[in-house]
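Residue numbers (my numbering), protein chains in the order written: chain A, 17 to 318; chain B, 17 to 318; chain C, 901 to 1241; chain D, 901 to 1241.
Don't take every hint at face value.
Each pair of labels, with its calculated beta carbon distance range [as the list claims (entries may be wrong)]:
#, chain 1, residue 1, chain 2, residue 2, range
1, B, Gly235, A, Gly35, 48 to 54 Å
2, D, Arg919, C, Thr1057, 35 to 41 Å
3, C, Thr1057, A, Glu108, 21 to 27 Å
4, A, Leu26, D, Pro1131, 45 to 51 Å
5, C, Ala1215, B, Arg98, 54 to 60 Å
6, D, Arg922, B, Glu299, 54 to 60 Å
7, B, Asp236, D, Pro1131, 43 to 49 Å
8, B, Pro107, A, Glu295, 46 to 52 Å
9, C, Gly1212, D, Ala942, 54 to 60 Å
Source of the hints: derived by calculation from the structure; they are not laboratory data. The C-beta atom is built at its ideal place from N, Cα and C for all residues, glycine as well.
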Amino acid sequence: MTLAQAAGGLLLPDHDAIGAWRRLRDRLAHADRAARAAALAALAGGIRRTAISTIHAAGLGHTGGDLSVTDILTTLYGAVLRIDPARPDWPERDRLILSKGHCSVALYTTLTTCGFFPADRLATFAAPMSPLNGHPSRRAVPGVETSSGPLGHGLPVGVGVAVGLRLRGSPARTVVVLGDGELQEGSNWEAAMTAAHRGLSSLTAVIDRNGLQQGARTGDTNDLEPLADKWRAFGWEVAEVDGHDHLALLDAVTAPHAGSRPRCVIARTVKGRGVSFMEDRVEWHHKVPDAEQTRMALEELR
Amino acid sequence: MTLAQAAGGLLLPDHDAIGAWRRLRDRLAHADRAARAAALAALAGGIRRTAISTIHAAGLGHTGGDLSVTDILTTLYGAVLRIDPARPDWPERDRLILSKGHCSVALYTTLTTCGFFPADRLATFAAPMSPLNGHPSRRAVPGVETSSGPLGHGLPVGVGVAVGLRLRGSPARTVVVLGDGELQEGSNWEAAMTAAHRGLSSLTAVIDRNGLQQGARTGDTNDLEPLADKWRAFGWEVAEVDGHDHLALLDAVTAPHAGSRPRCVIARTVKGRGVSFMEDRVEWHHKVPDAEQTRMALEELR
Amino acid sequence: MTVEETYDCRDAFAAELVRLARADDRIVAVCNDSVGSSKLAAFARKFPERLINVGIAEQDMVGIGAGLANAGLVPFVCGAATFLTARALEQIKADVAYSLANVKLCGMSPGLAYGALGPTHHSTEDLSWLRAIADLPVVVPADPAQTSAAVRWAAQTTGPAFLRIGRFPVPDVSPPGEPAFTYGRAARLRDGADATLVATGTMVSRALSAAALLAGHGVDARVVNVSTISPLDREEIVAAARQTGAVVTAEEAVPTGGLGAAVAEVVLETRPVPMRLLGPRTFAPTGETAFLLEHFGLTAGGIARATLDVLGLDAGGLGAGGLGAGGLGAGGAGGVGVDDG
Amino acid sequence: MTVEETYDCRDAFAAELVRLARADDRIVAVCNDSVGSSKLAAFARKFPERLINVGIAEQDMVGIGAGLANAGLVPFVCGAATFLTARALEQIKADVAYSLANVKLCGMSPGLAYGALGPTHHSTEDLSWLRAIADLPVVVPADPAQTSAAVRWAAQTTGPAFLRIGRFPVPDVSPPGEPAFTYGRAARLRDGADATLVATGTMVSRALSAAALLAGHGVDARVVNVSTISPLDREEIVAAARQTGAVVTAEEAVPTGGLGAAVAEVVLETRPVPMRLLGPRTFAPTGETAFLLEHFGLTAGGIARATLDVLGLDAGGLGAGGLGAGGLGAGGAGGVGVDDG
Ligand SMILES: Cc1ncc(C[n+]2csc(CCOP(=O)(O)OP(=O)(O)O)c2C)c(N)n1
Ligand SMILES: Cc1ncc(C[n+]2csc(CCOP(=O)(O)OP(=O)(O)O)c2C)c(N)n1
Ligand SMILES: [Mg+2]
Ligand SMILES: [Mg+2]
């Protein structure tokens, strides 16, 4: 139980990290595009490296999807979301829901860069009694808005948040990050229909469009194309961008609204992004790098 | 238990009715369009009258939806489906799945006109121990391919049938009849995606597009429009027709296939069709006509 | 037996929800095209903005409930019990219970209430399904007073809850002058020494009638109303086993995962005594609710017979008569008909 | 204790399915992007046309299974147990069980098998959920031989069935020379007079080890393997209660709706004797499977302690040691990682 006790317990804010994150946000707000791009790239690189190390140490994780979603999370936490990591339950916060909950390591790592909890706690990921479960639990992890892991849950929850915030008169926004394979779940289309019907312009869905799911290409399993047409037919505004281009993501997510439609950002990504031998390889969905692979990956990500 | 015993028991084929139905099918096959239209209209009128009487007698039923789907069922059983009511489990039969199972009375009545079981058994509808439950049960009613009632179940089952028939090399076709409100269920969109991915051209979905659901208009509850765009974006071929025009339905359902897409026929209908005081009135979703209303309805349907 | 007035508990539910919503603007209602069957029409008129009817989409409905709670509201998520539970069970597990979201799930017209609409509409599995989910209180009020009190409790408590709101007409069973509902506590409605009838929901009044029948057979039966199925009031059950030596459970639900199973475990772990578990175990045949309750022995007579059986006594002379009343589909009557969830 | 060889029952499942499919071209497999975790890769290679991977869409998957059965095929519908059951429960009830469709539902990696992937991936509620559904046989094989035999039984029988296919490594427990699986029959793996350990799935080998531990404490424990949870072998349970006077159940599932509840009912209705029901009752903390089994007392030691407890004996000296082995996420090892359903 020693490990258990070491691993368990509350996750508390890391005020040094919060300070650093606040300074970064301030800097980015006034930086030119090039500087902003460089800062976000640096942030994303750090998150990727930490994620790889964390997965290797735990012997568990979803390496490919973590690397493909990193730039999306980096952009959102680094430059978009109005949050206060010192007060994770601040009622006026923007909400980020990671529907593709299997990419918990990317989320946990990003949360530590904002200071929701100290980065050293990542070492307990998946360890006995750790609050850092294989999938994010709202019970244990500050910054996690809803427990995810079963696919197709995030968008309905996001719709509820957006409806609720509007009812309460809050201008806060709601962003749901989804996998592409995940869109095979019909629950997403229920929520998509509801969101459009209710004119939830404060709701944004970002699709991590890496073209792979657990066992194969999405196109070979149950093709999603024409994906943008689907969202449009369901009443959403659609933007398609390079999901590894932070500024393109930033522009797409923050572009002014033309009407009352919810927005879908289809972020074209590469699963395993940044590590040559992982890129676009289906087996890295949940493969864990060994020591040598970890070394090589960290090298490439430097 | 006397009533129970009277009501219960097996439903066996009605050979007289089967003979009459076969003759009708032969006649229609060689009739000109006008004669075909007249015969189908007469058939539909009889089904509507019987349905109204059955609902009144049982004190239970979904009058509005029964009347809106009648012409669809009439067209399919009267002129399209290759079935043998004497052998409801004939492996090579076409399959009709009524996904909007609350309209069981329209289905039961139609099945008796084909001779799956005698029309006098309709008097046991909803009575203790009757095989004719409020929603169609595959256990008890010949001609019912799957138990329905909970919405959003029929299309996935239809996809499975179509995949299975193709695997077995059977040319039989599969038709699923759905409500429009029912399309809010995400399970339909899962199945729609799968059907298109698998190129199930033998599968047809007919949507009873009456614009009403249980408690209000679909447009006011959770708008389905642009509905045809949704199906197209999900990879289906779409036809839109007047759902009370038998020949238009027939043409849409039997038109030759241009490719390998499954086909969606959006049948524009009027809920409560044929009875002026029921037409397009949401309360007739499950309202049961009293004696006077029944008399008036039968009058109008003469 | 005198003819008692009986009530559809959905009315008490609806009235209480409106009362609470007037005082607390965090309260919202969510439903699946079930404004009518969830009796939310008055709520919709008074608080049109606060009724979120998502249409026929139960997964979406429960997820939206969790989201509303996240945004600081207090959602009552209402739908026919079987669709709410069968169709959205993973959302209930992950988004509500495991996420400890402040969502009140309201399963309307449970058990066999949908009568001749058939097994696809019956919700007899829901208690087994929900009891298996951790951290999800499961509450089954037995009459209007309990229903109102349970709704108040749910609104005042932070965290998940499931309320099973009956449609089949029931008489008042709550003793006047006492709190009608205390979360986690069973109520002893009648004392007795020879056996205990443990009932929930619609079966409580029938258990009381059974006790009256049993008195005529010289059996002094205790009656306990379990309105919180999960977590169970272990003390009251232990006392029943110890003090009366025989237990019969009755519920409009599959007993081997519902109330019956909950009581059985406590009895076996503390004081094993003979039991009978009453409840439907098969898909129902066609018929209105009162008929189906008879069919499954869920009547005063059926409960009394099971009690005599567990005591090893002769049931001769105890007719099959139940408390049949209400139910759906009165032939030829005409009228508003039966909504279907 | 000697180190036994242990097996992932999914391998036996997969091999048997390929064998059967070779002889019977009606057999098809359906899955939800789980070719890997359902071990269907070999099936897919040999019968590419007969593997229907619908993607991540469990409702669709089960409905498609029912449709395939309607078309005359024999579908084995495979997915991680929790997604298959939680996400498609109404399809299981209406399209499979109530429709009496010839669908074989295969819940892979059930219980706590997904270890550190957490409660959203654990399937501890499935037995409660499925037992409540009428006309749905629920089968839980305990080792590779039982798994193969159960798959053969399912392929040969017309009608619905659920098979719970374990992932957590188990040793052989089936006595050689006897049929490994007989539908509806429990197997007495060890005779004994003082108490009966009733176990299913992964807990069977642990119950056998518990019996060995108990022998050292002078307790002669019977061990019964219940591989058909529903319908239950009542005779064997009645015999256990009558002949041994105490029963402990153990399962990798919520016991108050699973095996425990099923056994409890029979015991109470026939021969009430003291019982203990072992199984997880809360959402699990983080940890690999072996750790979680320890956490919930689902080890040889835990079963033995519960047995001493039910007998009113002192458990002193009986360590907490279990049979910890296997499990997920060996830190820093590298490798193929853990699929997630
Ligand atoms: C309901 C449900 N079914 C199955 C799974 C198992 N699973 C986990 S990840 C995954 C693939 C997800 O693919 P995608 O959404 O494309 O995510 P990404 O490529 O970003 O990893 C699957 C099938 C699950 N978590 N939930
Ligand atoms: C899963 C599920 N949720 C809710 C219901 C209750 N219900 C029965 S009919 C109905 C409305 C159906 O509307 P629509 O599909 O448009 O059918 P129609 O207008 O043809 O009657 C509803 C909500 C149901 N049967 N199943
Ligand atoms: Mg992907
Ligand atoms: Mg409609």
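Verification of the supplied hints:
no., hint, in the structure
1, Gly235/B with Gly35/A: 48 to 54 Å, "51 Å, holds"
2, Arg919/D with Thr1057/C: 35 to 41 Å, "55 Å, violated"
3, Thr1057/C with Glu108/A: 21 to 27 Å, "25 Å, holds"
4, Leu26/A with Pro1131/D: 45 to 51 Å, "47 Å, holds"
5, Ala1215/C with Arg98/B: 54 to 60 Å, "56 Å, holds"
6, Arg922/D with Glu299/B: 54 to 60 Å, "58 Å, holds"
7, Asp236/B with Pro1131/D: 43 to 49 Å, "48 Å, holds"
8, Pro107/B with Glu295/A: 46 to 52 Å, "48 Å, holds"
9, Gly1212/C with Ala942/D: 54 to 60 Å, "58 Å, holds"
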